[in-house]
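Undergrad: The primary structure of each chain is shown beneath.
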Amino acid sequence: MILFLQSLINGILLGGIYAACAAGFSLAFGVMGIVNLSHGDFVMLGAFVTYWLFVLLGWDPFLTLPLTLTILFFLGLFLQKLTLNRIAGAPPIMSYLLTFGLHLVISSLALRAWTADYRTLNPAYAGLNFSLFGLILPYSRLATFALALVLLCGLYLFLYRTEMGRAIRATSQDREMARLLGIRVFKIFAVAFAVSAAITGVAGSLVAQTFVVYPQMGLPFTVTAFCVVVLGGLGYVPGTLFGGLILGVFESLATTYLTAGLSLVLTFLLLLIMLIFRPGGVFGRGALE
Amino acid sequence: MILLECREITKRFGALEALRRFSFSLEKGEILGLIGPNGSGKTTLFNVLAGIHRPDEGKVIFRGQTISGLAPHLICRQGMAKASQTVRPFREMSVLENLLVPGMYGGKLGLKQARERAEDVLNLLGLEGLGKVPSGEISLSERRQLELGRVLMTGAELLLLDEIMAGLNPTEVEGALRLLERIRREGKTIVLVEHVMQAIMKISGRIVVLNHGEKIAEGKPEEVTQNPEVIQAYLGKPYA
Amino acid sequence: MKALTGGRGVFVFIAAIAVLAAFPLLGLEGYRLRLLTLLFLWISLAGCWNFMSGYTGYIDFGPVAYFGAGAYAAAILMIRFDLPFLAGMVFSGVVCAFLSAMIGWATLRIRGAYFAIATFAAAEAMKQICLEGDRVAGFDFFGGSHGLTLPAPPASEFFYYLLLGFVVFVVGITYLLEKNKFGYGLKAIRESEQAAELSGVPTLALKIKAYVLSSSLIGCLGGIEAYWLTYIIPDDVFNVLRTIQMVIMTLLGGMGTVWGPVIGAGFLTLAGEFLGARFVYDYLTILGVVIVVVILFLPRGVMSLAKRKRG
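Residue numbers (my numbering), protein chains in the order written: chain Z, 1 to 289; chain F, 290 to 529; chain L, 530 to 840.
Since the hints were derived computationally from the structure, they do not count as laboratory data.
Mixed in with the good hints there might be a few duds.
[What the hints assert, rightly or not] The list that follows gives simulated cross-link-like pairs (lysine to aspartate or glutamate, EDC-like), each with its CA atoms no further than 16 Å apart: (1) K708(L) - E306(F); (2) K708(L) - E463(F); (3) K710(L) - E386(F); (4) K81(Z) - D117(Z).
[As the list claims (entries may be wrong)] Label pairs and their in silico Cβ distance ranges: (5) G303(F) - L82(Z): 50 to 56 Å; (6) L82(Z) - A455(F): 53 to 59 Å; (7) R86(Z) - E426(F): 52 to 58 Å; (8) T70(Z) - T759(L): 49 to 55 Å; (9) D811(L) - W59(Z): 27 to 33 Å; (10) K81(Z) - E316(F): 21 to 27 Å; (11) S685(L) - Q6(Z): 41 to 47 Å; (12) R86(Z) - E511(F): 52 to 58 Å; (13) G303(F) - D811(L): 47 to 53 Å; (14) L825(L) - L400(F): 36 to 42 Å; (15) E316(F) - C153(Z): 57 to 63 Å.
All residues carry an ideal CB built from backbone N, CA and C; glycine is no exception.
Just need the whole structure built from these sequences, with the hints factored in.
TA: This is the structure:
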């Protein structure tokens, strides 16, 4: 029983991070219809920014979050203006291929710069945890989970309570109408993508606290983000929290009770089952066509 | 004979009821006009008929067979085809090739026969010279004609035409009306949705009026335009 | 080279094949023989990838799944069951047809984005099965990270002619696709899936057929590679770099065309020979930049230049 609960708790804490990773993906897709195959690389970059700030300057990984947010925001803006903007109206094929190309460039440049070594973030409080009824709850994991929730809430508030957020939602629902209302659509795309990059970067910081950091970690996270979004519903941002939790718990339980070795296979099977029986996500609110 | 029958069709999108208990029947050889203000459910009805949406309640019966719930390509092969202003042509293919696809698939023709029928359809539409032109390069009215040609190639008996006259100038509209009349004489049945009021009133034998997903009037064009409820639905936009 | 369209292209192609077939008889051997064989392999791979991604517009990001599965299927049949190579190669095709039918049916009913990422995940999952399957299930089938060693293959000329034949086969199928009903249906799906549905095209069935065709042939090619290399490990036969190269070759040459994959494969294989071994990291960066540049400036690949010149 303890094992099950521990596994469940681990899964939930993991799920929060997964949800944070996926939120930006859902945003980019919902607003611009872009499936960003380089998405996971923003996780990787956020993780590395946090890592280097810690290792080179000694700055605490939690305190550097706003800095990571800002850096990734501008990077996203830059990439959007340089490349993605030009294919904004084009068929989806172009966005898969373009972002795939970006993924190759970003991850191989990172590999060149930082080598393939695995790195871990080791702040002083890394191993500390507290026990509750025999369950182990590491402080840093609880903190990252809490921050993941804060991130998701922040995104939600941004989209639903600010002027810019409303403009973004209007544009995603009806591009023509937004244009008629005087909203500068390309500017919205740029901001939306930059926001997506920024929050994904912060998610990357949280990931750095929990996982090993290395240049090729991006692609698996892109797949993870995608799975979360399939579970929660493509384009349906509120669903990403639940999608993340479901995936986190599933992976955790599968690793504990079945086997760690085949976790990818099991996740893939979960994905297939979702696509066959419930492609609109658990809530059925995802975009299908 | 009754070609198409809708029985109590209801379609919901979340909390929104786009169609509510909509019923009507269609005789072979008719031209039926479907009108109603924006958002009244006309496009939803067409999408249900064409198989793009499955009705939540009710049935669609075509030639005595229940077809509601079938996939669009099967409905097309059964003999009911939809044309729409929002449907894009196969851009990289030539105009002729655009017609080959519906001919071979919907119309179940072989390549050679499809080519022959495509030539005939191009002549009917007045697009003879355009066969080899890539369809991405033709004008708006030619694109509309091509879309009409697409459904003609399927050999469908019942044509659902969704605002194919949108954006055409009055001369082009006249040409389109003549074309529809010719198509009807060849034995086709047509249901038409248009905002170009004069056109639809002129050519339809019967009109059905939708508002908020419900049928509010049905009858000859003259009768329907006098109907106070219809006039009110359009908020005093009289047919003059 | 730009005049390689239409009937003239066929003539040039047949002439080229005849010349290539004569080379070994005229003394071609060793490194150059193997380089050309490799070229034939890549032309075939790119051409098969083109069936699905180029003609339906549904981008497959996991073709290496079948390359690897095919390699393993052939290897296992030959090692554990002592069957000859031909049986192994056919078995590869059949296994991959089966797998791709299942995956295709699950993923092709909805938007292309799902298919793109699901296929990538499939490749990773299959790699993991071959890597970890034995350890988890407790038997000795896949050889784990040590891989499998196949029986000794015949002389290099065997693979040269086999793959040359494959090239003819793949190019031939593509050529047929340009003018037959199936091909028109696929192109219709790519251009306007909604219009295709409304024109009576059974889109799901066609997409699955294209995917199965593409994947089963890629599986056969995986089987051939396994026999040729004699030694296979998961990291090699399931390497994502193969997917990347298939994508770029077809993209560069022109997706959905007959000669695009040929041109792209030709260029990249030869360029790769000179660049690849020396700059591994940079190679990937260059490939990435090539993709980005092509998408932004020449999305229809080199073939679009040919079409433009024709006017």
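Undergrad: Are the hints correct? Go through all of them and say.
TA: We went through each hint and held it up to the structure:
no.	hint	verdict
1	K708(L) - E306(F)	violated (45 Å)
2	K708(L) - E463(F)	violated (37 Å)
3	K710(L) - E386(F)	holds (11 Å)
4	K81(Z) - D117(Z)	violated (32 Å)
5	G303(F) - L82(Z): 50 to 56 Å	violated (39 Å)
6	L82(Z) - A455(F): 53 to 59 Å	violated (38 Å)
7	R86(Z) - E426(F): 52 to 58 Å	violated (22 Å)
8	T70(Z) - T759(L): 49 to 55 Å	holds (54 Å)
9	D811(L) - W59(Z): 27 to 33 Å	holds (32 Å)
10	K81(Z) - E316(F): 21 to 27 Å	violated (59 Å)
11	S685(L) - Q6(Z): 41 to 47 Å	violated (57 Å)
12	R86(Z) - E511(F): 52 to 58 Å	holds (54 Å)
13	G303(F) - D811(L): 47 to 53 Å	holds (52 Å)
14	L825(L) - L400(F): 36 to 42 Å	holds (37 Å)
15	E316(F) - C153(Z): 57 to 63 Å	holds (59 Å)
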